[in-house]
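Construct all of the structure, not just a fragment, from the sequences and the given hints.
Number 91 marks the last residue of the sequence shown (our numbering); no jumps.
Treat each hint with caution, since some may be false.
Pairs of lysine-lysine, DSSO-like flavour, derived with a Cα cap of 30 angstroms [said to hold, decoys possible]:
no.: 1; residue 1: 37; residue 2: 73
no.: 2; residue 1: 33; residue 2: 73
no.: 3; residue 1: 80; residue 2: 69
no.: 4; residue 1: 38; residue 2: 69
no.: 5; residue 1: 48; residue 2: 60
no.: 6; residue 1: 60; residue 2: 38
no.: 7; residue 1: 48; residue 2: 69
no.: 8; residue 1: 80; residue 2: 48
no.: 9; residue 1: 33; residue 2: 60
no.: 10; residue 1: 37; residue 2: 69
no.: 11; residue 1: 48; residue 2: 33
no.: 12; residue 1: 33; residue 2: 69
no.: 13; residue 1: 73; residue 2: 38
no.: 14; residue 1: 80; residue 2: 38
no.: 15; residue 1: 48; residue 2: 38
no.: 16; residue 1: 37; residue 2: 60
Label pairs and their calculated CB-CB ranges [stated by the list, open to error]:
no.: 17; residue 1: 76; residue 2: 34; range: 18 to 24 angstroms
no.: 18; residue 1: 80; residue 2: 59; range: 27 to 33 angstroms
no.: 19; residue 1: 80; residue 2: 28; range: 19 to 25 angstroms
no.: 20; residue 1: 37; residue 2: 78; range: 16 to 22 angstroms
no.: 21; residue 1: 63; residue 2: 37; range: 25 to 31 angstroms
Just so you know, the hints here were simulated from the structure itself, not pulled from any lab data. C-beta atoms are modelled at their ideal positions from N, C-alpha and C, and glycine is treated no differently.
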Amino acid sequence: MNYISVKAASKKWGISERRIQKLCEESRIDGTEKFGRAWLIPKDAEKPIDGRMKIKNKQEDKHGV
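So this is what it looks like as structure tokens:
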């Protein structure tokens, strides 16, 4: 399996290196492995959905809420 670094995943997904590390610590990225202090992230791993963001429903948008 091919792996990428936290730095490469950060550039690929457009989020900070620290956020990538936190996602790895929380096992939110499938297939990650820790090698010493470094995280190895599968090259084909998908960016996890950000649970901190709420998705607005269409009805709220229509009413400007």
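Structure-based check of all given hints:
1. 37 to 73: holds, 12 angstroms
2. 33 to 73: holds, 14 angstroms
3. 80 to 69: At roughly 28 angstroms apart (the allowed maximum being 30 angstroms), residue 69 and residue 80 satisfy the hint.
4. 38 to 69: holds, 10 angstroms
5. 48 to 60: holds, 12 angstroms
6. 60 to 38: holds, 19 angstroms
7. 48 to 69: holds, 18 angstroms
8. 80 to 48: holds, 20 angstroms
9. 33 to 60: With a Cα-Cα distance of about 14 angstroms, the restraint between residue 33 and residue 60 holds, given a limit of 30 angstroms.
10. 37 to 69: It holds: about 13 angstroms lies between the C-alpha atoms, which stays within 30 angstroms.
11. 48 to 33: holds, 13 angstroms
12. 33 to 69: Holds, because 12 angstroms separates the two Cα atoms, which is no more than 30 angstroms.
13. 73 to 38: holds, 9 angstroms
14. 80 to 38: holds, 23 angstroms
15. 48 to 38: holds, 16 angstroms
16. 37 to 60: Status holds; Cα separation ~19 angstroms.
17. 76 to 34: 18 to 24 angstroms: For residue 76 and residue 34 the Cβ distance comes to about 19 angstroms; the hint holds.
18. 80 to 59: 27 to 33 angstroms: This hint holds: roughly 32 angstroms between Cβ atoms.
19. 80 to 28: 19 to 25 angstroms: Cβ of residue 80 to Cβ of residue 28: about 35 angstroms, so the range 19 to 25 angstroms is violated.
20. 37 to 78: 16 to 22 angstroms: holds, 21 angstroms
21. 63 to 37: 25 to 31 angstroms: violated, 20 angstroms
When each numbered hint is compared with the structure, violations occur for hints 19, 21.
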